[in-house]
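*Asks:* In order, the protein sequences belong to chains A and B. Throughout, this note's numbering is defined as the position within the first sequence, counted from one, plus 12. Throughout, this note's numbering is defined as the position within the second sequence, counted from one, plus 140.
These aren't lab readings, by the way, just hints derived from the structure by calculation. Here a beta-carbon is modelled for each residue, glycine too, at the ideal position from N, C-alpha and C. It is possible that some hints are incorrect.
What the simulated footprint calls covered on chain B by chain A, stretch by stretch (three residues with Cβ under 8 Å from a Cβ of chain A suffice, anywhere in the stretch; the number is not a length) [claimed, not checked]:
no. : segment
1   : 252 to 262
2   : 286 to 298
3   : 439 to 451
4   : 473 to 485
5   : 507 to 516
6   : 523 to 535
From chain A, some residues computed to sit far from chain B (all C-beta separations above 12 Å) [claimed, not checked]:
no. : residue
7   : Leu80
8   : Gln361
9   : Asn479
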Amino acid sequence: MPVVTLYFNRIAKLLGRKVSREKIISTLPFLGLDIEEETSDHINVEYSPNRPDFSTDYGIATSLQGLLGTKLGMPQLKIKKGTHAIKADASVAKVRPYIIAIEALDGKMDDETIRQIITMQEDLHNGIGRKRKKVSIGIHDLNKIKFPLVYKTVERTYKFIPLNSQDEMAISEILDKTETGLAYKHLLEESKKVPVIVDSAGNTISFPPIINSKLTEVTSASRNLLVEVTATDKNAAEDALAVVSYTMQNAGFKLSSVRILGPRNSTPSLASRKILLDPVLVNNTLGLDVSTSVMVKSLRKSRLNATAKGKQILCLIPRYRTDIFGSIDLVEEVALGYGIQNLEPTIPQAKSAGQKNRVTVSLEAARSTMIGLGYSEVMNFGLAGKHTLYDLTKRDSSDIISVSDSKSQEHQILRDTLLPGLVDVLSRNIHESYPQKIFEIGTAFYRDNLVGEEIHLACASAHNDVNYTEIKSILQSFLKSGFDIVSAAKISSNPLFTQGRTADIVVNGKNVGIVGEIAREVLDNFKLRIPVSGFELNLTDLMF
Amino acid sequence: MSQVLHPIEQKILKSLLEKQNLTPEELCEKTQLSIDQVRRGIEWLKFKDLVQVNESEKNFVTLGKRGNEALQKGLPERQLVNYLKLLPTSSCEINEAKDQLKNEFSPAIANAKKSSWIEIYENRVMLKGYHDTTSEEKIIKLIASKSPTAVSLDVIEDKEALDLLKKRPEFLNFTSTKYTTVNITEKGIEVSQNAPSEATDSSVRRAIDVEAPAPVVFAAKSHPLTDVIDEVREIFVSLGFSELVGNSTQSSFWNFDALFIPQDHPAREMQDTFYLKDISAKSVATPNQIKQVSMAHKNGWHYDWNLDAAKKMALRTHTTCVTIRALADQQYDDARLFSIGRVFRNEKVSYKHLVEFNQVEGVVVGKNVTLRDLMGLQMEFYRKMGIKKAKFWPTFFPYTEPSLQSMIYNERLGKWVELFGMGIFRPEVTKPLGIKNPVLAWGGGIERIAMLRYGLDDVRELYNNKLGWLRSVPKCQ
Numbered sequence: 013m014p015v016v017t018l019y020f021n022r023i024a025k026l027l028g029r030k031v032s033r034e035k036i037i038s039t040l041p042f043l044g045l046d047i048e049e050e051t052s053d054h055i056n057v058e059y060s061p062n063r064p065d066f067s068t069d070y071g072i073a074t075s076l077q078g079l080l081g082t083k084l085g086m087p088q089l090k091i092k093k094g095t096h097a098i099k100a101d102a103s104v105a106k107v108r109p110y111i112i113a114i115e116a117l118d119g120k121m122d123d124e125t126i127r128q129i130i131t132m133q134e135d136l137h138n139g140i141g142r143k144r145k146k147v148s149i150g151i152h153d154l155n156k157i158k159f160p161l162v163y164k165t166v167e168r169t170y171k172f173i174p175l176n177s178q179d180e181m182a183i184s185e186i187l188d189k190t191e192t193g194l195a196y197k198h199l200l201e202e203s204k205k206v207p208v209i210v211d212s213a214g215n216t217i218s219f220p221p222i223i224n225s226k227l228t229e230v231t232s233a234s235r236n237l238l239v240e241v242t243a244t245d246k247n248a249a250e251d252a253l254a255v256v257s258y259t260m261q262n263a264g265f266k267l268s269s270v271r272i273l274g275p276r277n278s279t280p281s282l283a284s285r286k287i288l289l290d291p292v293l294v295n296n297t298l299g300l301d302v303s304t305s306v307m308v309k310s311l312r313k314s315r316l317n318a319t320a321k322g323k324q325i326l327c328l329i330p331r332y333r334t335d336i337f338g339s340i341d342l343v344e345e346v347a348l349g350y351g352i353q354n355l356e357p358t359i360p361q362a363k364s365a366g367q368k369n370r371v372t373v374s375l376e377a378a379r380s381t382m383i384g385l386g387y388s389e390v391m392n393f394g395l396a397g398k399h400t401l402y403d404l405t406k407r408d409s410s411d412i413i414s415v416s417d418s419k420s421q422e423h424q425i426l427r428d429t430l431l432p433g434l435v436d437v438l439s440r441n442i443h444e445s446y447p448q449k450i451f452e453i454g455t456a457f458y459r460d461n462l463v464g465e466e467i468h469l470a471c472a473s474a475h476n477d478v479n480y481t482e483i484k485s486i487l488q489s490f491l492k493s494g495f496d497i498v499s500a501a502k503i504s505s506n507p508l509f510t511q512g513r514t515a516d517i518v519v520n521g522k523n524v525g526i527v528g529e530i531a532r533e534v535l536d537n538f539k540l541r542i543p544v545s546g547f548e549l550n551l552t553d554l555m556f
Numbered sequence: 141m142s143q144v145l146h147p148i149e150q151k152i153l154k155s156l157l158e159k160q161n162l163t164p165e166e167l168c169e170k171t172q173l174s175i176d177q178v179r180r181g182i183e184w185l186k187f188k189d190l191v192q193v194n195e196s197e198k199n200f201v202t203l204g205k206r207g208n209e210a211l212q213k214g215l216p217e218r219q220l221v222n223y224l225k226l227l228p229t230s231s232c233e234i235n236e237a238k239d240q241l242k243n244e245f246s247p248a249i250a251n252a253k254k255s256s257w258i259e260i261y262e263n264r265v266m267l268k269g270y271h272d273t274t275s276e277e278k279i280i281k282l283i284a285s286k287s288p289t290a291v292s293l294d295v296i297e298d299k300e301a302l303d304l305l306k307k308r309p310e311f312l313n314f315t316s317t318k319y320t321t322v323n324i325t326e327k328g329i330e331v332s333q334n335a336p337s338e339a340t341d342s343s344v345r346r347a348i349d350v351e352a353p354a355p356v357v358f359a360a361k362s363h364p365l366t367d368v369i370d371e372v373r374e375i376f377v378s379l380g381f382s383e384l385v386g387n388s389t390q391s392s393f394w395n396f397d398a399l400f401i402p403q404d405h406p407a408r409e410m411q412d413t414f415y416l417k418d419i420s421a422k423s424v425a426t427p428n429q430i431k432q433v434s435m436a437h438k439n440g441w442h443y444d445w446n447l448d449a450a451k452k453m454a455l456r457t458h459t460t461c462v463t464i465r466a467l468a469d470q471q472y473d474d475a476r477l478f479s480i481g482r483v484f485r486n487e488k489v490s491y492k493h494l495v496e497f498n499q500v501e502g503v504v505v506g507k508n509v510t511l512r513d514l515m516g517l518q519m520e521f522y523r524k525m526g527i528k529k530a531k532f533w534p535t536f537f538p539y540t541e542p543s544l545q546s547m548i549y550n551e552r553l554g555k556w557v558e559l560f561g562m563g564i565f566r567p568e569v570t571k572p573l574g575i576k577n578p579v580l581a582w583g584g585g586i587e588r589i590a591m592l593r594y595g596l597d598d599v600r601e602l603y604n605n606k607l608g609w610l611r612s613v614p615k616c617q
């Protein structure tokens, strides 16, 4: 989850009044923010990406004001109608169809403000922007730009000076040689031509979604900014622009609109939305019995506008609250404004008795039978490594079921058998006293049409005198005292077991498992010096 | 009743009554027991305070390189005397002596002079008289006689001569050895005198030391994590919940789409979710379920929902896929259901993350169920788990609204830790699947509870299968 740094002195300024550090820290979690780190002058908080407005301290302060009661209702976005325009050429339709923008004027940015804005930009790229695929944002020094701008496509031989470079570079060079080029070039793979924004003086100002130009680089001396958003999804572009606009306004800039022309494109309105909320839904969902006016007050504490309208509540939701889909989200806003801590838990009575699943009941019985026979339970993962399952046990791996792109070698394959895992456990406990008698009950996977799952019991005994007879007698006793089943053993062979010391377990003519002495070579592979015998049974076959 | 001693103990005590301060090796000799028996006996007796065991150090000496030479050729001064003795004048020029004795010349002259065996006059060395054997020579002989065994320094009585020899470089090598001596205690003397004699009649069971420790055996047990899972399950059942079981492998449809998680959501990417290589579900749900779910995505998230993406088979990332499917298929109006099982996340394994862990999830379906009920059920669950302090904070889950996370106070760590998450299923989840009543859902990882229960700081320990740990966790606490 993304992290925001909150400096206490900045927060105090943004809140517009003195609030104790303790109060801030104890209130933040009630906005759904997790405090990650606390130092003398700042804290780091984690926020959920569904609240992109929390990507700066400005957005968090806005919500804090509501919960602290210092400012209520929806913050107003003031956008002056501007004169500048961007024209989207028809050619961008195939690669990145949408562009919108806004100007932020007469502002001043210190280093921390710039840092907050850059973090916001990154978080928006990763969240709403889906790693720039859907949306990317460019922020420019407005004074370097000659309007009108054109958003169009160019060949990959096209050249300009990108950010962090002194020299002109061709598009193809930027994609193959710069860090951001390499990271995001896949986004332009499907198109021969790529999008750029060019001003009326012929200067390139941006190559979305990759990099801005050197020309329009923002510094702490920049007073006027242009924020452009390009996207493959118009709605997502407006989501991002709304968050940026509120942030810029909070940072002291005056906003001015930029007219957008061109097919499929239009000037964004960033208007707030209206939703009618039924107070009955609020009380029914939260388990409250509060009046409409209490709900209105709570919504206003959540920085929304709300007014009673007949039996309903008319809510006004600022454009940056992209997480609000409908009424149920407003119910949560009421809960937050009302205070989660003010909701008294109630214990509803159950109408009927609960019960365990019959599978669980059977497996519990199987487990206690094994414990009665003197075996202790161990636990391995169902997602295992090929090395243990196949290489060390010399088993045929042609039918393995593997997962894609596992981050760990030890978790790549769905196990089809449990016994190798037990041998592995024994190999990691050679310093413990013997005898070692262990079992595991767990899911094994096999290929059928898709993938089948069955529950296996595997059991292993390790000590100097262990042999086939001992483990077969445990197996027989398990089946007899657990299921009153008399099993037969039929000689078989398996690379895991010693030739002549292994048999299939047959119940009612059906093969349900295998028993035997683990082969010397397998034990050597696991660096085990002590003999081991074991069996594995398919419980699903036996029980269900 | 007087204490009964094992025959081994009796023999050791008997030897110690005769002579104190014996080493285990000496005790072997005296008792005719094996060294293992003696060592074991000493441990038992020590445990009972009947003997006292002292660790001390003994110093030993052997001849060094030049010591051995001196043994063959005599000390340097002896060589000088022997040389002079054979000369007609019993004297020689200093240079002649130098040639004869080479690098032993200096010590020879120095020592011979000190013992007044020679006189030097006008560059000549003259023999005055000599002793047949010096005390230093005696020590060399004594040490040589025991070779190759090192000689204890205690044996050498003439410490003065020893000190002189020590000063000669490379004459002596010193070593030290730690050794154990055993002494009988007051209590030992008393007990050994009162100990009953062994029964001679074979029909009578010999009295044994009933107070001695017996061999350790380990009770076969279920895994500690199983015990926690069972406990959680029992609590759910006691709260009126019935258990569902479902597969670990699930189509993306039930794991994600049915839960209103958009197809481009980061959680669905391969770096977070395990997809089965080359396996896709052929059919995932009823045509109507598919239609309704795809509409919910189109309306809510504004994108073209893709059926093939929903068919991708994944290892379930939560047990919610099992509950939502049961709710969709069974159309309960009123129910309490829960599911416990393994879930999978494609994460780097660390002290706080596993790729595979157990999760429990409970749902309550009912016409009048509320968020406060959900909080109450949670508190009741914690109360039954023995967790006294819990509180709630808002949080976000894609498929619930409102959503809460619970924090519980951990006495051992002295801080609040996050535990179960909960919420009410979004209408975008329930409506497309025809679920009419609100659904409360709550759950979380069981390993976290197990870590708190067993005081573990590293979640991996639960799956290390260290028999030492498994054997040591008390079953009945």
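*Asks:* Are the hints correct? Go through all of them and say.
*Replies:* Cross-check of the supplied hints:
1. 252 to 262: Coverage by chain A is violated here, the residue count being 0 at a Cβ distance below 8 Å.
2. 286 to 298: Contact hint for the segment 286 to 298 of chain B vs chain A: violated, 0 residues under 8 Å.
3. 439 to 451: holds (count 3)
4. 473 to 485: It holds: at least three residues are needed, and the segment 473 to 485 of chain B offers 5 whose Cβ sits within less than 8 Å of chain A.
5. 507 to 516: holds (count 8)
6. 523 to 535: holds (count 5)
7. Leu80: holds (16 Å)
8. Gln361: violated (8 Å)
9. Asn479: Per Cβ check, Asn479(A) is outside 12 Å of chain B; nearest 20 Å; holds.
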